[in-house]
Amino acid sequence: MSLTDWLSTPENWVFLVIALPMLAAAVKLVTTTNVVHAALYLVVTLAASAAVLLLLGAEFVAWTVVLVSIGAVVVLFLFGIMITRAPMGREATLSHPRSVKLAAAAVSFALFALIGGAAVDAFTSQPLTEPADATRTGALGEVLFTRFVIPFEVVSVLLLAALIGGIVLARRDPGETAGGGL
Amino acid sequence: MNFWLELLLKLALILAVMLPGALVVIFGELKISAHMQSRIGPYFAGGRYGWAQPLADGLKFMQKEDLVPAAADSMVFRLAPYIVLMGTLATYVIIPFGPDLVVENLDLGLFYLLAVSSLTTLGVLMAGWSSGNKYSMIGGLRAAAQLIAYELPLVLAAVAVAVQAGTLSLNGIVASQAETVFTIGGFDVALPFVLKGQIIGFLIFVTAGLAELSRIPFDMPIAESELTMGYLTEYSGLRFTMFFLGEYAGMVAMAAIVSTLFLGGYYLPFVDADLLNVVGPLVLVAKVGLMCFLFIWIRWTFPRLREDQLQTLAWRWLIPAALVNIMLTGIAKVVL
Chain R
1 MSLTDWLSTP ENWVFLVIAL PMLAAAVKLV TTTNVVHAAL YLVVTLAASA
51 AVLLLLGAEF VAWTVVLVSI GAVVVLFLFG IMITRAPMGR EATLSHPRSV
101 KLAAAAVSFA LFALIGGAAV DAFTSQPLTE PADATRTGAL GEVLFTRFVI
151 PFEVVSVLLL AALIGGIVLA RRDPGETAGG GL
Chain Z
183 MNFWLELLLK LALILAVMLP GALVVIFGEL KISAHMQSRI GPYFAGGRYG
233 WAQPLADGLK FMQKEDLVPA AADSMVFRLA PYIVLMGTLA TYVIIPFGPD
283 LVVENLDLGL FYLLAVSSLT TLGVLMAGWS SGNKYSMIGG LRAAAQLIAY
333 ELPLVLAAVA VAVQAGTLSL NGIVASQAET VFTIGGFDVA LPFVLKGQII
383 GFLIFVTAGL AELSRIPFDM PIAESELTMG YLTEYSGLRF TMFFLGEYAG
433 MVAMAAIVST LFLGGYYLPF VDADLLNVVG PLVLVAKVGL MCFLFIWIRW
483 TFPRLREDQL QTLAWRWLIP AALVNIMLTG IAKVVL
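Chains R and Z are the protein sequences, given in the same order.
As numbered in the numbering used here, the first sequence has no gaps in its residue numbers, which increase by one up to the final residue, 182.
As numbered in the numbering used here, the second sequence has no gaps in its residue numbers, which increase by one up to the final residue, 518.
Bear in mind the hints are in silico, worked out from the structure with no lab data behind them.
Quick reminder that beta carbons are idealized off the backbone N, C-alpha and C, glycines included.
Among the hints, erroneous ones may be present.
Stated by the list, open to error - To spell it out: a stretch of chain R is covered by chain Z in this simulated footprint if at least three of its residues, at any positions, have a beta carbon under 8 angstroms from a beta carbon of chain Z; those stretches are:
1) 13 to 21
2) 105 to 113
3) 154 to 161
4) 166 to 174
Stated by the list, open to error - Once the Cα atoms are required to be at most 20 angstroms apart in a straight line, the calculated SDA-like pairs of lysine to any residue come out as:
5) Z/Lys242 with Z/Gly229
6) R/Lys28 with Z/Ala344
7) Z/Lys316 with R/Gly138
8) Z/Lys213 with Z/Leu191
9) Z/Lys378 with Z/Met411
10) Z/Lys515 with R/Phe145
11) Z/Lys515 with R/Lys28
12) R/Lys28 with Z/Met257
13) Z/Lys515 with R/Gly141
14) Z/Lys316 with R/His37
15) Z/Lys316 with R/Gly141
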């Protein structure tokens with residue numbers, strides 16, 4: 001498919017409008033020196049990825065990204081940053097030594113090649129030709145609770161274990177002295 | 183109809199519902215609080231009852247200077263009110279005013295609702311951090327801790343409704359409240375979910391909703407007497423107005439969601455389905471007015487909770503109660 005063909009489809013324009021800011025935000029996310037700004041660029045990146053998922057008709061996954069990744073994970077990041085050593089205002093706090101930058105770049109490209117390669121290899125024979133219809137949430141729930149019920153339960157138990165672990169780490173028993181922590 | 187034209191019209195419609203709704207509730211709060219606490223409410227603006235007071239307030243805010251403190255992170259500071267208002271406005275998309283009077287009847291409406299309303303937390307944290315002020319910072323942190331804690335009972339109470347209705351679509355939830363439960367002398371009686379076993383869910387949802395709106399008795403984040411105005415301290419002019427409008431628009435949205443999930447939404451018994459498109463909005467507005475009055479009544483009656491009481495209420499009482507409620511609903515759904 002030539003570039004002009006590709007550009008003649010309206011969906012591709014929408015994709016560009018979403019993907020270019022997403023790329024820019026992703027680059028800013030790792031280059032900014034302010035840790036709170038980095039978290040906010042992560043929000044933009046995640047929101048754009050949710051928009052791409054919407055474009056592909058994966059409505060449920062898209063809103064899950066918004067609810068879990070933006071609404072819970074990033075909010076907890078921000079909360080954690082602010083409650084510990086919040087640099088208020090414009091103070092620059094992150095430094096990027098050259099060796100760290102190079103190592104990070106190498107790891108990112110390796111990961112990109114791995115995931116991208118795997119995705120292209122797996123799905124290249126079955127492209128989405130039509131503008132995809134939205135997946136019905138009911139159908140998704142049925143698959144989740146029949147065919148994938150064991151992985152689902154395994155993940156639930158894993159999360160429960162993490163939850164209990166978190167409480168054990170954070171909790172102070174009555175006998176302990178109130179030193180060390182907060 | 184042209185897709186873009188339709189989209190523009192729908193967006194304009196959301197604004198046309200949200201702005202007057204917020205203004206009416208602001209006016210209602212001014213007058214009702216005046217009557218409840220024997221203080222003098224608005225008398226003069228616009229003549230009778232001082233009805234133009236909210237408009238006058240709006241104009242006053244608009245012509246004030248839009249200050250950005252020197253210590254503030256100006257970009258984040260400027261963006262925060264938009265994020266808060268966006269999270270609130272987005273909830274209006276799926277509120278059904280009649281069988282066909284809904285901006286977009288999403289298949290996973292309830293899930294969408296919870297996803298977009300979590301954006302508000304982000305905006306509040308941004309406002310608190312970027313102001314470069316200790317009061318704002320503490321207010322932002324309190325707000326985030328509170329919104330995280332009360333999002334859970336809110337979601338869990340809504341889950342029980344979704345289980346009972348068998349759908350996540352808000353139109354579907356209203357439709358399942360319009361089904362006949364029993365018949366008395368030829369009249370088909372339909373019951374809203376609050377009377378069909380979701381009374382605990384309703385109480386949890388309203389309590390958590392009040393906390394999500396940061397209204398008294400859950401107004402720790404802005405507590406004037408200890409934090410000046412919390413994360414709002416440094417805001418002025420139009421940006422403060424956006425937070426202010428967002429707060430009251432959020433109250434209207436929350437009232438509409440409570441009405442839709444638990445009180446039958448736009449449905450009125452003995453009214454034809456075609457006629458519901460005309461009567462429905464009025465029915466919903468009446469229910470929203472009732473819920474807003476309840477919110478205002480609570481605000482001017484109860485004292486503010488302490489931070490630890492607030493967290494205890496959410497984690498020790500509301501969340502376990504909501505989990506038990508889901509379990510009972512699930513059992514009832516399978517057995518009945």
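Hint-by-hint comparison with the structure:
1. Coverage of the region 13 to 21 of chain R by chain Z is violated in this model, with 0 residues showing a Cβ closer than 8 angstroms to a Cβ of that chain against a need of three.
2. Evaluation of the coverage hint for the region 105 to 113 of chain R: breached, as 0 residues show C-beta separations to chain Z shorter than 8 angstroms, against a requirement of three.
3. Counting residues of the region 154 to 161 of chain R whose C-beta sits closer than 8 angstroms to any C-beta of chain Z gives 0, which falls short of three, so the coverage hint is violated.
4. With 0 residues having a beta carbon nearer than 8 angstroms to a beta carbon of chain Z, the region 166 to 174 of chain R misses the requirement of three or more and the stated coverage is violated.
5. Of the pairs offered as hints, the one joining Z/Lys242 and Z/Gly229 holds, with about 18 angstroms between alpha carbons and a cut-off of 20 angstroms not exceeded.
6. Straight-line distance between C-alpha atoms of R/Lys28 and Z/Ala344 comes to about 40 angstroms, which puts the hinted pair past the 20 angstroms bound.
7. For the given pair, Z/Lys316 sits about 47 angstroms from R/Gly138 by alpha-carbon distance, which is inconsistent with the 20 angstroms threshold.
8. At most 20 angstroms may separate the alpha-carbon atoms for a hinted pair to count; Z/Lys213 and Z/Leu191 exceed this at roughly 33 angstroms.
9. With a C-alpha separation of about 41 angstroms, the suggested pair Z/Lys378 and Z/Met411 falls outside the 20 angstroms cut-off, and the hint is violated.
10. Note on Z/Lys515 and R/Phe145: the hinted pairing holds, with a Cα-Cα distance of about 17 angstroms set against a maximum of 20 angstroms.
11. Of the supplied pair hints, the one linking Z/Lys515 and R/Lys28 is violated, its CA atoms being roughly 50 angstroms apart against a limit of 20 angstroms.
12. With a CA separation close to 15 angstroms, the supplied pair R/Lys28 and Z/Met257 stays within the 20 angstroms bound.
13. Restraint check for Z/Lys515 and R/Gly141: the C-alpha separation of about 17 angstroms stays at or below 20 angstroms, so the hint holds.
14. As the CA atoms of Z/Lys316 and R/His37 are separated by approximately 19 angstroms, the hinted pair is consistent with the 20 angstroms bound.
15. At most 20 angstroms may separate the alpha-carbon atoms for a hinted pair to count; Z/Lys316 and R/Gly141 exceed this at roughly 46 angstroms.
When the structure is compared with the earlier hints, violations turn up for hints 1, 2, 3, 4, 6, 7, 8, 9, 11 and 15 and for no others.
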